[in-house]
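Participant: Spelled out, the chains give:
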Amino acid sequence: MASRAAPTAQSPPVPGGLTREQLLDIYRYLRLTRTLEERLVALYRQSKVIGGLFRSLGQEGESVASAYALDRGPNRDILSPLIRNLGSMLVMGAQPIQILRQYMAKAESPTRGRELNVHFNDLERGYLGQISHLGDMVPVMAGIALTFKLRGERRVGLVYIGDGATSTGTFHEGLNFAAVQRVPLVVIAEYNRWAYSTPPEKQFAVKDLAEKAKGYGIPGVTVDGNDVLAVYEATRSAVERARAGDGVHLIEVKTYRRKGHAEHDDQHYVPKDELDWWAKENDPVDRYAKRLRQSEWVEERELQAIDGQAKAEIDQATDACVDEPLPPGASALAGVYAGPPALPPHWYRSL
Amino acid sequence: MAEVTYLEALRQGLWEEMERDPSVFILGEDVGAYGGAFKVTEGFTKRFGEERVIDTPISEAAIVGAAAGAAHMGMRPVAEMQFIDFISCAYDMLTNYVATARYRAGLATPIVVRGPCGGYVRGGPFHSQNPEAAFFHTPGLKIVYPATARDAKGLIKASIRDDDPVIYLEHKWLYRRIKEQLPEGEDLLTPIGEARVAREGKDLSIVTYGATVWKSLEAAEQLAKDDGLAVEVLDLRTLLPMDDTAIMRTVEKTNKVLIVHEDTRTGGVAGEIAARINEQAFAWLDGPIMRVTAHDVPLPYAPTLEDFVLPQTEDIVKAARWLAAY
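Protein sequences, first through last, are from chains A and B. Sequential numbering of the first sequence, starting at 1, is according to the working numbering. Sequential numbering of the second sequence, starting at 1, is according to the working numbering.
These are computed hints drawn from the structure, not numbers from a lab. Please read these numbers as outputs of a predicted model, since none were measured by experiment. Keep in mind that a hint or two might mislead.
Examples of chain B residues lying across from chain A (beta carbon under 8 angstroms, computed) [as the list claims (entries may be wrong)]: (1) GLU51; (2) THR56; (3) ALA61; (4) ALA66; (5) ALA67; (6) ALA68; (7) ASP92; (8) TYR103; (9) ARG104; (10) ALA105; (11) ASP164; (12) LEU323; (13) ALA325.
Note that beta-carbon positions come from the ideal geometry of N, C-alpha and C, so glycine has one too.
Please build the complete structure, drawing on both the sequences and the hints.
Facilitator: Here it is in structure tokens:
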């Protein structure tokens with residue numbers, strides 16, 4: 001089956017410069033992502049999540065691993081996550097409680113109930129949430145990377161783009177601009193097989209997204225997106241080159257979206273055996289855990305402890321915010337501009 | 001004092017802000033070594049270098065998007081649209097990304113998007129547009145439209161210093177036609193959101209902006225001479241946020257109002273002004289609020305056609321005369 005693409009870059013025999021603690025740390029983010037999303041499903045079924053719920057099941061590996069390759073800390077590298085890059089945000093320092101609050105539209109959520117799900121940002125921690133107009137974050141991240149270049153800062157930008165969104169005009173304009181300016185930007189192109197219900201063959205006429213890189217005069221590679229260490233290694237290497245002044249790099253990660261576009265979507269357009277295969281044979285978290293065990297880099301009890309901690313952390317975060325209030329209606333009028341602080345309500349509201 | 005054109009005043013404003021603040025930079029098509037299609041940025045590369053005067057690909061969405069990203073990081077980018085007609089290619093970026101950034105995410109996006117607007121120059125459908133109505137509807141943006149050399153300078157400087165995104169509309173028919181004595185070595189700033197009484201009068205008000213300020217002043221002069229009418233002309237200067245106070249003040253003074261703009265009529269800014277007057281100063285009116293605007297057609301090229309479609313001084317004279325007699 002075409003979608004079961006063989007990996008074109010193998011995992012390094014020894015994890016690239018990672019310590020044992022870092023290997024466990026990556027596992028912790030993978031588990032935290034999955035546990036948090038499972039909790040969100042429960043909250044969605046209880047109608048506590050207000051809007052749609054978007055899962056990254058099956059593609060958590062590339063999100064976590066690519067973000068983990070960045071320089072993290074206050075005012076370091078910046079990434080722009082998509083709806084299925086929750087894991088990358090956690091790696092950069094977003095807190096599970098912020099995501100829970102966002103989904104439940106709480107007053108205390110990072111956007112104070114104005115925006116949905118993972119559409120929020122913390123530039124100091126290094127993430128800039130997307131808007132729903134796919135492709136738009138590519139020019140914006142090109143501008144952020146341009147600023148790094150203009151100021152001579154050794155920082156790198158990383159932007160995710162889905163297979164479907166590579167069809168947008170903003171993806172093309174942004175990538176071309178970034179390439180011409182040779183800004184320090186890494187593009188993670190996620191081949192997850194489905195753009196809502198549209199398969200790649202109806203989206204573009206190339207086989208691999210990495211082929212598109214040639215048109216921009218930038219290096220492009222294809223990596224097995226469910227091989228955590230391969231994604232980490234490819235990203236680390238691209239980030240290093242971008243940081244050194246070698247411009248834009250594109251990494252295509254082959255992965256698979258195992259859930260529908262959002263929870264409401266029953267995926268009737270997806271072959272059942274294909275889903276089963278990816279779940280059984282190519283789950284990025286299972287693969288990574290298996291690799292850690294088999295290589296004897298970590299012990300089974302350490303992984304189990306992390307699983308327990310992740311659940312406890314999500315339990316605690318949920319308990320802390322699930323009963324919080326929504327924002328007061330009139331707070332909607334504040335903050336459109338730097339000044340004045342709020343608009344007045346319409347005249348008939350005081351009748 | 002030195003006599004400067006509208007274009008030179010704009011250029012001076014940009015230059016002074018580049019000198020004052022190292023975070024200001026320019027990006028756009030042919031703005032660098034070539035100096036821009038209308039030479040607004042001529043000599044800038046030599047003074048400020050290629051890193052602060054960036055020649056871009058023909059990619060308006062990328063120009064605005066990259067400006068937004070840089071602005072989030074504390075820069076103050078000024079993006080040039082070679083002709084403002086092409087701002088529509090960045091419509092998504094401006095309305096969905098830039099305009100909402102502060103509200104949805106607390107992101108400061110202090111960018112200026114500027115470019116030559118307007119007709120009366122035989123530019124045809126794609127080099128003559130006035131795009132204000134397309135953006136006027138979008139909370140989060142500011143829109144300024146200077147009519148004088150003084151405001152061309154004062155508003156570009158104020159726009160660059162503003163903490164919100166500003167669309168700066170400059171009229172190419174005014175570029176070299178309008179000259180004014182401007183003080184030298186003075187930090188000339190025009191506050192955003194404040195209209196200006198361009199001519200005092202008591203019989204009737206014309207509310208307008210951009211190139212039609214000059215057409216309206218010409219009409220007012222003719223009406224004074226031929227009809228003995230004292231027409232007040234209000235130059236809005238900023239369209240968003242709109243100076244309601246100044247509009248209501250002139251309505252309360254003359255009790256009759258004609259709204260004039262070069263843009264087409266349906267869904268145009270004049271409709272919004274009329275609605276505001278209706279809501280806030282209905283009791284002060286002694287006649288209907290009337291509009292003089294372009295006809296609702298794409299702007300055609302042939303001089304006979306363009307002259308017919310666009311509002312001319314004679315149209316304003318006739319309309320004002322009709323309203324004065326009402």
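Participant: A separate judgement is required for each hint: does it hold in the structure or not?
Facilitator: Hints, one by one, checked against the model:
no. : hint   : verdict
1   : GLU51  : holds (6 angstroms)
2   : THR56  : holds (6 angstroms)
3   : ALA61  : holds (5 angstroms)
4   : ALA66  : holds (3 angstroms)
5   : ALA67  : holds (6 angstroms)
6   : ALA68  : holds (5 angstroms)
7   : ASP92  : holds (6 angstroms)
8   : TYR103 : holds (5 angstroms)
9   : ARG104 : holds (5 angstroms)
10  : ALA105 : holds (5 angstroms)
11  : ASP164 : holds (5 angstroms)
12  : LEU323 : violated (28 angstroms)
13  : ALA325 : violated (34 angstroms)
Of the numbered hints stated above, those contradicted by the structure are hints 12 and 13, listed in ascending order.
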